[in-house]
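Student: Sequence:
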Amino acid sequence: MGTWGVVGCAVRTAKLSVGKESYLLCAPCFIKIEETAMKKKGILVLLIILLLALSGCSGRNAFHQYARAGDTVALAAGWKHSFSKDSITVTITPAGGTPVVYAPNDDRIRAVVNLYPDPLSSLVVSDQVGTDLTPFSRTYSDLLNFVVTDNDNDWWETSVFIDLPVSLTVGPAKIKIASAAGETYSSSVEIIAGAGSANAFDTYEASVLNSYMIATLERVAHHTIRFSGDTVPYAMQLEFNHQPSSLVHVANPRGDLKNLAWTDDGTNLRVVMTPANLGGIDSLKDCKFYVAGQVNGLSLLSLKAVDRNGNAITTVTAVID
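Residue numbers for the sequence shown follow the working numbering, so the first one is 690 and each next one is one higher.
If you're looking for bench data, these hints aren't it; they were derived computationally from the structure.
Any given hint could turn out to be false.
[Said to hold, decoys possible] Here are the computed lysine-lysine pairs in the BS3-like style, where the Cα-Cα straight-line distance is at most 25 Å:
1. Lys993 / Lys974
2. Lys865 / Lys774
3. Lys974 / Lys863
Make the full structure from the sequences, and use the hints.
Tutor: Given below as structure tokens:
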């Protein structure tokens, strides 16, 4: 029988065998490519695709797939850590003519926004309760962690909105995005005849969204606190210091997995971490958190970690990225 191609996904693939069946995986999308039981049951090949907006997958095509020169398109760039308006360069290569390059902070890069799944979505809840609340939802979350995020449960989809150049010729155009840190993404859009126009992002509440309004959805400068070690603590207390001029906000990417209580006196920051579920925290990757605001000179003074019995754990370390 024939083999299905992977639709709308640009992440790496892997072949998984489960009993007599084989799957081509591109987390969290997967396509069943062999069905040896078909001789007995006569079933058709299954094709299951999770929506890109919840997946972390990188879309091969812009949304919309067809656009006029000058139109605004949205790009599902995947799980990107260094994409921001001030760090990405966008290169649009038309079917004919010279490539057009948008430097960082070009006004035609309208926004770079990270979209998170609803905490009550089947993707999130099925992952936590360990069963499919909707068809294959647990499978999707497992594949997302396995292939895309390396078991980091801080899931998001980086979406980039750009205005296409008004000079593009009709035909397929390639779009490449590269960050200063080396992350890349490629997509394509079919340019059709007609004069396009940039989307005004018109709303009922605020009329047209200006660039300042859109920018409020983008990430601000921040520090990422990551952990390593051979044991996952039950609780931790971290002490930081920083310059007196700092404005501090601590952000917890997964409040359903851990609790963060914090206080800052102007120069010293204390963060206390405990599990949201009294069973404990499953992974050191789930201990990750962010420190944002206007934080200057952040440094770690001490880290105290304990197991559920209050015994000290000395093998856990934290780094500030």
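Student: Run every hint past the structure and note whether it holds.
Tutor: Here's how the hints hold up against the structure:
| no. | hint | result |
| --- | --- | --- |
| 1 | Lys993 / Lys974 | holds (17 Å) |
| 2 | Lys865 / Lys774 | holds (14 Å) |
| 3 | Lys974 / Lys863 | violated (35 Å) |
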